[in-house]
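Trainee: Chains as they are written, first to last, in our numbering: chain A, 45 to 405; chain B, 460 to 823.
Straight-line C-alpha distance at most 16 Å; calculated EDC-like pairs for lysine to aspartate or glutamate:
no., chain 1, residue 1, chain 2, residue 2
1, A, Lys-107, A, Glu-262
2, B, Lys-624, A, Glu-260
3, A, Lys-254, A, Glu-232
4, B, Lys-511, B, Glu-462
5, A, Lys-226, A, Glu-188
6, B, Lys-624, A, Asp-244
Hints are computed from structural coordinates only; laboratory data are not their basis.
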Amino acid sequence: MAQITLDKLAHSYMANPKNDNDFALKQIDYVWEDGGAYALLGPSGCGKTTLLNIISGLLVPSKGHIRFDTTDVTEMSPEQRNIAQVFQFPVIYDTMTVEENLAFPLVNRGVDKAEIRKRVGDMLETLELTDKASRRARGLTADEKQKISLGRGLVRYDVNAILFDEPLTVIDPHMKWQLRTKLKELHEQFGHTMIYVTHDQTEALTFADKVVVMYEGEVVQIGTPEELFDEPAHTFVGYFIGSPGMNILPGSVDGHQIRLADHGFKVDKHYDALAGLTEIGIRPEFIRVTDAAGAAGKGVPMQVSSVENIGRHQIVRGKINGHSVDAVVDEDARIPAEAYAVIDTSRLNVYQDSHLVRASR
Amino acid sequence: MLELDRVSKQVGTSLHINDVSMTLEKGSLNVLLGPTLSGKTSLMRLMAGLDKPTSGDVRVDGRRVTGHSVRRRNVAMVYQQFINYPAMTVYENIASPLRLEGASKSVIETKVREAAELLKLTEFLDRTPLNLSGGQQQRTALARALVKGAELVLLDEPLANLDYKLREELRVELPRLFAETGAVFVYATTEPHEALLLGGRTAALHEGTVTQFDSTIDVYNAPVNLQTAQTFADPPLNTLSVQLDNGSLMAGDRSMGSLGQRAERPADGAYSLAFRPHHVSLQATEGHSVPVQAIVGTSEITGSETYIHVTVGSDHWVVLTHGVHRVNNGDAITVYLDPSRFYLFSSADGSLQLAPVTNALAAA
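Between the sequences and the hints, there should be enough to build the whole structure, so can you do that?
Mentor: Quick look at the structure:
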């Protein structure tokens with residue numbers, strides 16, 4: 045296992061990149077701690093796969109260096125880096141048994157037989173595949189095959205890191221649940237450095253200690269799931285994390301006053317007046333929708349256009365002074381005809397030109 | 460209106476579709492929900508006339524179309540894999556069904572522009588599909604289905620290959636777009652969450668059988684049996700075997716509370732008790748009145764919610780709570796259940812015996 049250092053790393057697929065826009069991956073400096081669970085999250089084309097390919101050695105970056113502990117591996121091939129990889133589609137040998145598939149990475153590296161037997165046995169148990177150990181992989185379901193792929197990635201104890209590229213994208217929801225939890229358990233058990241690429245926020249947030257959110261080739265925030273939810277550093281993170289994403293409304297700040305959607309709110313924090321485009325972010329989870337009595341003078345009128353009952357909660361979509369606003373309310377909440385939105389003002393975030401501005405005091 | 464009347468499809472020795480009857484109204488949105496290989500695609504192919512049923516009838520507006528090939532029927536289909544004509548521009552791709560119909564130039568121009576506008580493709584009309592992102596390619600395929608003015612629109616996991624956020628947006632837009640055309644709209648998905656967001660009616664599928672076909676929220680709230688409840692649960696339902704004795708629920712020697720306040724109590728006996736992960740609480744409240752000792756396994760924190768996997772006796776449950784809760788693997792904790800949220804299913808045939816009282820019912 046190793047600490048992975050990204051040192052002024054950048055990549056362009058062009059031979060002679062002229063400006064920032066020519067870079068698929070803009071400069072990133074970061075240290076991935078030994079034993080950490082990280083997710084690279086972003087929409088397609090954001091550069092997350094480019095970054096993963098640089099870490100795995102499939103791609104040599106145009107600029108900067110990558111180090112595993114103190115060794116510069118920038119020019120090394122994937123084999124030389126001693127990493128394991130799990131891809132979107134199962135990579136296993138159909139003609140081998142489940143057991144043989146799991147043993148393969150160990151046999152390849154000359155691990156002794158008794159040790160192989162022990163590790164494969166443990167892995168079969170962990171993956172709940174013991175009863176299928178001597179079955180050929182050919183007849184297994186897609187889920188089971190992907191489990192074996194995960195097992196092959198995890199069976200070696202000596203790898204520097206395990207890289208996952210959308211490993212659960214093709215898996216059905218129920219099995220996705222099990223595999224996701226399994227992966228988390230395996231991380232707790234073995235403490236490998238794991239890097240997990242996905243566009244799915246649920247997978248990223250539940251898996252990782254730290255999530256790296258990427259957008260148009262740039263890392264826009266690295267944070268714990270909590271930080272990404274509570275204080276998105278960029279309006280894109282606010283939008284991308286959360287379902288529905290954060291409401292971003294035009295507004296202004298002045299001292300203890302925040303204006304949003306043409307309503308003024310007094311807040312505890314203090315903000316200096318801002319130049320540039322000022323926007324206010326509020327998560328749908330922090331807006332309560334109620335009637336005049338329930339609002340008790342603290343609400344602002346909201347014109348509700350639709351209520352989607354999605355079981356666990358309801359999504360209320362509507363407008364406040366003509367600005368679109370989503371709210372997430374309890375499954376049992378009644379949405380009145382004349383609705384008021386009560387905004388939890390302690391949860392407001394202020395953005396200047398899309399970047400988070402912290403209170404001055 | 461599309462009717463399936465006792466339709467079955469056998470391929471070799473395996474029964475892909477088993478005795479399915481359902482009526483799909485004009486202008487309705489119908490979700491086919493089930494895991495991979497539950498029969499969603501097979502059912503769609505029968506609806507479209509791509510396959511002929513082994514037995515049973517397919518009728519459109521009362522007319523028997525069983526065995527009519529798809530070419531003689533006005534059907535549009537969109538698959539998980541984007542299918543476009545790679546050599547044609549986006550404009551020509553969208554226009555292609557209209558050209559086949561022999562529509563006039565001006566009609567084509569109007570309809571293509573309209574569809575492109577709705578699906579946010581206007582700026583890409585002159586490009587070829589291979590120069591587009593996956594989302595744009597799929598929107599092109601959807602636009603083509605839209606202009607076709609088909610009576611039956613079948614979408615087979617159309618968003619499965621798209622980014623999470625894009626999916627979220629299209630899920631909101633798609634039903635609206637197709638509702639305006641008055642077509643029978645069928646949408647297959649493996650994801651309960653997607654079915655709920657789409658609304659309309661849902662047919663839950665299990666091994667080629669439609670276990671329930673009803674308004675989506677009703678299938679979710681009152682699944683006819685445990686199988687349907689499990690198909691329609693993400694995260695999975697927590698379940699355990701219990702004995703009901705004079706209103707009291709016992710799992711072995713553990714009390715699971717009583718159904719005291721609930722009027723329509725089923726007869727004493729053995730049941731499967733089920734409840735959703737978000738109906739378990741870490742605090743005792745008025746509703747969450749049944750304490751249960753549990754051992755913590757893995758927890759997953761999403762930033763706004765925490766999934767805590769726990770072991771209770773030999774059962775594994777998931778607890779989903781608001782906010783961030785840090786508990787350690789191996790900790791002993793008490794979780795609290797709310798008996799008003801309990802489902803009871805017959806332990807003999809899995810049929811629903813008791814469902815929670817929902818808001819919708821309470822309002823009526």
